[in-house]
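**Student:** Assemble the complex: chain A is given as a structure, and chain B must be docked to it using the hints.
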Amino acid sequence: MNWLSEDGRPCRPGEIIAYCNLAVQGDTRGSVFAKEAVLQVAFASPAGGRLHRRPGLSGGGFLDVIGAADWRDDETIGEIEADSDADDAGGDMPLLMLAGQRMGWAVDVDTGLLPGWHLAARAWWEHGDGHRRTLLNLGVCDAAGPIRGDDSGFVELFQGATFPAHVTDLTDHPAAPCAPVLLDGHGRSRTAFEALALDLQRALADFPEPPTAADWMFAGALLAQLAESPLTRTFDILTRNGLARSEPPRAILLSSCAEPRTIRRHRKLGYRLHIMRHDLDAAGPAIRAWLASAFDAVPRTLDDIAADYRRLIDTAPMQTGTRFLILNRMSTSGREDIASYTAFDEPMGAILANIAAKEINLMLHDLAREKKVAVVDVDAMAAEIGGAAHLPDGVHQSGALQDLVRGEILDILASVGPAGDLRSVG
Amino acid sequence: MLLGLYLPRLLPDMSVAIVEAVYPVVGDTLAAGAKILDLSVDLGSGFRQDCPPISHYRLVAREAVRLRSIHVSPGEACAPGFLMAAFGDDADPDEIARALRFATAGIVSHPGMWSARVRA
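Quick note, the sequences are listed as chains A and B, same order. Numbered by numbering that gives the first Met the number 0, the letters in the first sequence go through residues 0 to 425 in order. Numbered by numbering that gives the first Met the number 0, the letters in the second sequence go through residues 0 to 119 in order.
The hints are simulated quantities; they were obtained by calculation from the structure and are not laboratory data. Being a predicted model, the structure only gives us computed values, none of them experimental. The reader is advised that the hints may include incorrect statements.
[Said to hold, decoys possible] With the C-beta cut set under 7 Å, the calculated list includes, among others, these residues of chain A facing chain B:
id : residue
1  : S83
2  : A338
3  : Y340
[What the hints assert, rightly or not] Which stretches of chain A does chain B cover? Using the computed rule of at least three CB atoms under 8 Å from a CB of chain B, they are:
id : stretch
4  : 14–23
5  : 267–277
6  : 329–336
7  : 393–404
[As the list claims (entries may be wrong)] Example chain A residues on the side facing chain B (calculated, C-beta under 10 Å, incomplete):
id : residue
8  : R260
9  : D280
10 : S339
11 : S414
We treat Cβ as the ideally placed atom computed from N, Cα and C, and that holds for glycine.
Next up, chain A with everything else stripped away, as it sits in the complex (with noise of 0.2 Å):
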């Protein structure tokens, strides 16, 4: 047992006490969780009151890494002495669960809620009213903050949550998930993902100098996120009613920071990547030189990104009744004393960023009208309680611009049918 909180140390309804490492045994062993090497429990306290421990259940250090014991659900882990005026101190401890696929065998820390790198991170629980919503991530850092949040355990996403969830995140690192590299990633099949492989492993091989430790890791990391579309891919979930399996995402989450106006496309392969600059300054040479001279780079017109978003969700829900959550762009900024356009060529939404922003909301407007995608307002989110203060850079949040935009997440998942219909809010 892994505790969270301090022995007589106040605790709210809700919040994460502790959390523990499972592993499934017996026949199922192997076959159940295969390629997730993290599977943990988060324990919520379900009343508001102050914490005693079971004393015994930690020995600290690696043998809280280590330590095995069989679960059993009337197990005693602690008491909440709860509060005078707690309404309902009763009912069965809230289960947060956990699960997470590596990007490596040894990028890890064996502490904290889903530590490290995951290609795709999870999280489901029970408590709540209602269908099991599955939302499925694929945005970049205006997502991730609201999504995984401040301990990159979903905790917060749980506790706000009213209803039995599964949610899933996957990495934007190294190819950024964008509609054409989710696209093609959807429509590749095993034979067109192998002549990949080789494509890349020939790239490095004819490289004039051996590859790096970088290259290696760029290109084992990239090849992972690109077998398997994640658009249709389900996973074994285990609940106090035994082992289920998830049903393909009912919602996906994007952002439209991901969506590039120059993208690569592979000169012979014909696939299309986003690699955003950060992850390119951390590939190595022989990936950099592949990069460059195997792919080209292909302008995108606000059409284009239209159009890729259209097909991107005409695609998906032919197969697994999906419905997109689209995070939209701040499109204004105190920074700016522009006194007059005339100063800025035409179009100006090649050049200034909040006209690019503004042009990318009109869009994604439009896809709502038209494909019932539900815009995720970050725009008025951050205009309403300050941009300056909580949303510096256009992409990277406040805590509270973050608890803002999750609760919106949480309120469009709430409307979101067991088969994928959105319902009206309020």
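**Tutor:** Same frame as chain A, now just chain B:
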């Protein structure tokens, strides 16, 4: 009268800005509305992050001036308040009389930027 272009504090938490592009050359006459410099600010420059918060800006002249001297070049890091350029005639006294009037615009990164060229 010599006018100075000082690096403004584009964001409250910025420590430096990187000069991404310099448009005029010494001796050029700039009309009001002419672009002078492109800059980038990385709010995560204090330590390495997997997604650095970088934003880009363009400084545009709001008055007609002649570039007398430029003190920065693409790739250079400058702190707020640094004198990046001076505008005026060669006959003007060397002392800066006042700050240049300019506008600041948030811009999209483009291939002509220093950071894009060094990654190419």
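**Student:** Each hint needs a verdict: does it hold in this structure or not?
**Tutor:** Structure-based check of all given hints:
A cut of 7 Å between beta carbons decides the hint on A:S83: the least distance to chain B is about 44 Å, and the hint is violated. With its C-beta approaching chain B no nearer than about 6 Å, A:A338 sits inside the 7 Å limit, and its interface hint holds. Restraint check, A:Y340 versus chain B: the minimum CB separation of about 9 Å is more than 7 Å; hint violated. Remark: the stretch 14–23 of chain A is not confirmed as covered by chain B, as 0 of its residues place a Cβ nearer than 8 Å to a Cβ of that chain, below the required three.
Three residues within the 8 Å Cβ limit are the bar, and the stretch 267–277 of chain A against chain B gives 3, so the coverage statement holds. Restraint check on the stretch 329–336 of chain A versus chain B: 4 residues with Cβ-Cβ distances below 8 Å, three needed, restraint holds. Counting residues of the stretch 393–404 of chain A whose CB falls under 8 Å from any CB of chain B gives 3; the rule of at least 3 is met. Annotation: A:R260 was flagged as interfacial toward chain B, and the flag holds, the nearest CB pair being 7 Å apart, inside 10 Å.
For A:D280, the suggested interface contact is upheld, since its CB lies about 7 Å from the closest CB of chain B, less than 10 Å. At about 7 Å, the closest approach between the beta carbon of A:S339 and any beta carbon in chain B falls short of 10 Å, and the interface hint on this residue holds. Annotation: interface hint on A:S414 violated; nearest CB of chain B at approximately 30 Å, more than 10 Å.
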